[in-house]
Amino acid sequence: MADIALAPRRAKTEIREATAWDKLRHNKNWLGFWFMVPAMAFLIFFLAYPLGLGIWLSFTDARIGRVGHYIGTENYEWLWDDSIFWLSVFNTLLYTSIASAIKFAVGLYLALLLNERMPFKALLRAAVLIPFIVPTVLSALAFWWIFDSQFSIISWSLKHLGLITQNINFLGDSTWARICVIFANIWRGVPFVAITLLAGLQTVQPSLYEAATLDGASRWQMFRFITYPLLTPIIAVVMTFSVLFTFTDFQLIWAMTRGGPVNATHLMATLSYQRAIIAGQLGEGAAISSAMIPFLLAAIMVSWFGLQRRKWQQGESND
Amino acid sequence: MTDLPAQKADLKSILSTPARVDNSEGMSYLQSVPRRIVTLYIPLSIIVIILLFPFYWMGLTAIKPDDQLLDLDKYNPFWTWNPTFKHIHKLLFESYYPHWLWNTMYVAIGATVLSIIASVLAAYAIVRLRYKGANVVGGLIFLAYLVPPSILFIPLATVVFQYGLFDSPLALILTYPTILIPFSTWLLMGYFKTIPFELEECALIDGASRWQILIKIVLPLAIPGLISAFIFCFTLCWNEFIYALTFLQSTPNKTVPVAIVNEFVDGDIYRWGSLMAGALCGSLPLVILYAFFVEHYVSAMTGAVKE
Chain U
1 MADIALAPRR
11 AKTEIREATA
21 WDKLRHNKNW
31 LGFWFMVPAM
41 AFLIFFLAYP
51 LGLGIWLSFT
61 DARIGRVGHY
71 IGTENYEWLW
81 DDSIFWLSVF
91 NTLLYTSIAS
101 AIKFAVGLYL
111 ALLLNERMPF
121 KALLRAAVLI
131 PFIVPTVLSA
141 LAFWWIFDSQ
151 FSIISWSLKH
161 LGLITQNINF
171 LGDSTWARIC
181 VIFANIWRGV
191 PFVAITLLAG
201 LQTVQPSLYE
211 AATLDGASRW
221 QMFRFITYPL
231 LTPIIAVVMT
241 FSVLFTFTDF
251 QLIWAMTRGG
261 PVNATHLMAT
271 LSYQRAIIAG
281 QLGEGAAISS
291 AMIPFLLAAI
301 MVSWFGLQRR
311 KWQQGESND
Chain B
1 MTDLPAQKAD
11 LKSILSTPAR
21 VDNSEGMSYL
31 QSVPRRIVTL
41 YIPLSIIVII
51 LLFPFYWMGL
61 TAIKPDDQLL
71 DLDKYNPFWT
81 WNPTFKHIHK
91 LLFESYYPHW
101 LWNTMYVAIG
111 ATVLSIIASV
121 LAAYAIVRLR
131 YKGANVVGGL
141 IFLAYLVPPS
151 ILFIPLATVV
161 FQYGLFDSPL
171 ALILTYPTIL
181 IPFSTWLLMG
191 YFKTIPFELE
201 ECALIDGASR
211 WQILIKIVLP
221 LAIPGLISAF
231 IFCFTLCWNE
241 FIYALTFLQS
251 TPNKTVPVAI
261 VNEFVDGDIY
271 RWGSLMAGAL
281 CGSLPLVILY
291 AFFVEHYVSA
301 MTGAVKE
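Respectively, the protein sequence lines represent chains U and B.
Be aware that the first sequence starts at 1, since it is given in the numbering used here, and climbs by one per residue.
Be aware that the second sequence starts at 1, since it is given in the numbering used here, and climbs by one per residue.
Among the hints, a few may not be true.
Stated by the list, open to error - Here are the simulated DMTMM-like cross-link-like pairs (lysine to aspartate or glutamate), alpha carbons at most 20 Å apart as the crow flies:
1. B:90 x B:263
2. B:216 x B:206
3. B:216 x B:198
4. U:159 x U:148
5. B:86 x B:67
6. U:159 x U:173
7. B:86 x B:66
8. B:74 x B:94
9. B:90 x B:73
10. B:74 x U:148
11. B:216 x B:201
12. U:28 x B:200
13. U:23 x B:201
14. B:86 x B:263
15. U:121 x B:200
16. U:23 x B:71
17. U:28 x B:198
18. U:28 x B:201
19. B:216 x B:200
20. B:90 x B:67
21. U:159 x B:73
22. U:28 x B:206
23. U:159 x B:71
Stated by the list, open to error - Covered by chain U, according to a simulated footprint, are these stretches of chain B (three or more residues, beta-carbon under 8 Å):
24. 55-64
25. 67-73
26. 113-121
27. 129-135
28. 238-244
29. 282-291
These aren't lab readings, by the way, just hints derived from the structure by calculation.
Backbone N, C-alpha and C fix where the C-beta goes; we use that ideal spot for every residue, glycine too.
From just these sequences and the hints, can you work out the full model?
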């Protein structure tokens, strides 16, 4: 009883004015700042700073073990006259455009197939994603073995089918080597495109298809006028990622061909590695990788504005 | 944004339980069986076989005896009746392979844990504290996701060298989060948005600090998101190649992908068995992890894209 009588008085004495420290402790911006510190520290020290440093390095003659001096645009002028650099640009554009286009087509097709009703659906979907899970380098090694010049299983099969008489020199011939690395890239990228588009497909209301069927739409019309427009936003995002990662691909090429034969499969990323780390010309390598930035920005812009326009056409708000 | 369609679907399936039989039938009765075989099963099986064949080939090569590997005429190359564990044995007991596996695991777990901690804090602050400029920071983090490692590895190599981290696993543990944080922050932001704000308001009224709210209310509710982020980050680390190739030099320090490409590729004509065994053993941990968490995996992949 005594406690109850005493309690309010004690509580009263404990209430005090909020100090500046208390106010600060509950200030959103102050708290937010401290919550952001770890992530920002990583991103600033190991992403933003190196990004700037890379552009700076491309204007210097830095080598491994030697700090560079500012030499203006000499690296870029040197690259401008370098036929191997232009070959790598051509290869990168060829690689990206063909691989992305086929990845999109096959991925969308596979997504549509997986969206159908069938037995073992979950198992199939899980199996389809495996190429995406396995480290690229390791599957690239499997492709290296599949495309071996002497013991290729493809050459063997084609020979036994009577289609060819000689082994195909898959990774030794420049055209074949390009086809092989593009194929391996498509193989690796299709699951990502298919599974993400499948997630988009599953949000399309079945009633739309039912209505279209009643109106007598063919399967192609249903795809063209229902599925495709509703999928466009997610297609734009998926393809931006796909183009971006294909354009800057390194590991697949490095594991399969290292840029050979006669630089036919050198991409800008592999060339910059070769020049910067193996040959030690950090400045020149940095110039090659900085030269990728405009292309990447262009790719991002195209998909970004593609996305915006589509939203506007659909009458959605741009949130 | 992402969660709306999912919730709608859930709600619908709950509401329409009595009519589920009709719904699941859909419009597929409009298609005859032969038509389905031609338009669905045949193309699907061709694609799936192409997607899975390299793994079959990898596994088969890893257990084939050497003479059968190179003699395609005497033996059917698509199968072997006398499997051998010679290659795998050689890999595990006569090379640094266990070291490399351990390195990869160590780097992957270290980098993943660091990034998850950093991104939980960042995502919570962006979604729930909504400090001044939170949206701009969110956008910047998304942009950071689009900066590829192949642009950064040259300057990062000089940075790593300056800090004296060259040839140390720490170099990878500190640089991998730049790939992982943007992705997992974005993913966790989506998850945090789905947690009702009212729960936090109640806790605030009861006198909980922001830190307590995060640890005791938000994180337990976001466990599926955390698992997704964790396994996806782990896979990305395991898969990373260019940083590991550039920052690590000595053989015992390497990670599996780099080590296999650099150490196993020699002039030996019989290398294929151990090379494929190495690739197989390097992939298996991820495939096993994936088998247990397929759903989390898919939601991680699609969640980050749909946001």
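Verification of the hints:
Distance check on the hinted pair: residue 90 (chain B) and residue 263 (chain B) sit about 14 Å apart at the alpha-carbon level, within 20 Å; holds. Between residue 216 (chain B) and residue 206 (chain B), the direct Cα distance comes to roughly 13 Å. Compliance with the 20 Å bound is thereby established for this hinted pair. Taken as a hint, the residue 216 (chain B) and residue 198 (chain B) pair is honoured in the structure, with Cα atoms around 15 Å apart against an allowance of 20 Å. Distance hint between residue 159 (chain U) and residue 148 (chain U) is fulfilled; the C-alpha atoms sit about 15 Å from each other, no more than 20 Å.
Distance hint between residue 86 (chain B) and residue 67 (chain B) is fulfilled; the C-alpha atoms sit about 13 Å from each other, no more than 20 Å. About 19 Å separates the Cα atoms of residue 159 (chain U) and residue 173 (chain U), which keeps this hinted pair within 20 Å; it holds. Restraint check for residue 86 (chain B) and residue 66 (chain B): the C-alpha separation of about 9 Å stays at or below 20 Å, so the hint holds. Our distance criterion of 20 Å between C-alpha atoms is broken by residue 74 (chain B) and residue 94 (chain B), whose separation comes to about 30 Å.
For the hint pairing residue 90 (chain B) with residue 73 (chain B), the CA-to-CA distance comes to about 27 Å; that exceeds 20 Å, so the pair is violated. Between residue 74 (chain B) and residue 148 (chain U), the direct Cα distance comes to roughly 19 Å. Compliance with the 20 Å bound is thereby established for this hinted pair. Note on residue 216 (chain B) and residue 201 (chain B): the hinted pairing holds, with a Cα-Cα distance of about 13 Å set against a maximum of 20 Å. A distance of roughly 15 Å separates the Cα atoms of residue 28 (chain U) and residue 200 (chain B); the hinted pair therefore holds under the 20 Å criterion.
Under the criterion of a C-alpha separation no larger than 20 Å, the hint pairing residue 23 (chain U) with residue 201 (chain B) is consistent with the structure, at around 18 Å. About 18 Å separates the Cα atoms of residue 86 (chain B) and residue 263 (chain B), which keeps this hinted pair within 20 Å; it holds. Using a Cα cut-off of 20 Å, the hinted pair residue 121 (chain U) and residue 200 (chain B) is violated, with the two alpha carbons roughly 39 Å apart. Taken as a hint, the residue 23 (chain U) and residue 71 (chain B) pair is broken in the structure, with Cα atoms around 79 Å apart against an allowance of 20 Å.
Taking the CA atoms of residue 28 (chain U) and residue 198 (chain B), the gap is near 18 Å; set against the 20 Å cutoff, the hint holds. The hinted pair formed by residue 28 (chain U) and residue 201 (chain B) meets the criterion: a straight-line CA distance of about 14 Å does not exceed 20 Å. Proximity of residue 216 (chain B) to residue 200 (chain B) is assessed by CA-CA distance (about 10 Å); at most 20 Å being required, the pair is judged to hold. Proximity of residue 90 (chain B) to residue 67 (chain B) is assessed by CA-CA distance (about 17 Å); at most 20 Å being required, the pair is judged to hold.
The hinted pair formed by residue 159 (chain U) and residue 73 (chain B) meets the criterion: a straight-line CA distance of about 11 Å does not exceed 20 Å. In summary, the hint linking residue 28 (chain U) to residue 206 (chain B) is supported, as the alpha carbons are separated by about 18 Å, within the 20 Å threshold. For the hint linking residue 159 (chain U) to residue 71 (chain B), the alpha-carbon distance of about 15 Å falls within 20 Å, and the restraint holds. Counting residues of the segment 55-64 of chain B whose C-beta sits closer than 8 Å to any C-beta of chain U gives 4, which meets the bar of three, so the coverage hint holds.
For the segment 67-73 of chain B, the proposed coverage by chain U is satisfied: 3 residues have a C-beta within less than 8 Å of a C-beta in that chain, meeting the threshold of three. Taking a C-beta to C-beta cut-off of 8 Å, the segment 113-121 of chain B contributes 6 residues in contact with chain U, enough for the three needed, and the coverage statement holds. With 5 residues bearing a CB less than 8 Å from a CB of chain U, the segment 129-135 of chain B meets the requirement of three and the coverage assertion stands. Counting residues of the segment 238-244 of chain B whose beta-carbon sits less than 8 Å from any beta-carbon of chain U gives 4, enough to reach three: the coverage restraint holds.
Here the segment 282-291 of chain B counts 6 residues with a CB under 8 Å from a CB of chain U, which clears the bar of 3, and the coverage holds.
Comparing the model with each earlier hint shows violations of hints 8, 9, 15 and 16; every other hint is respected.
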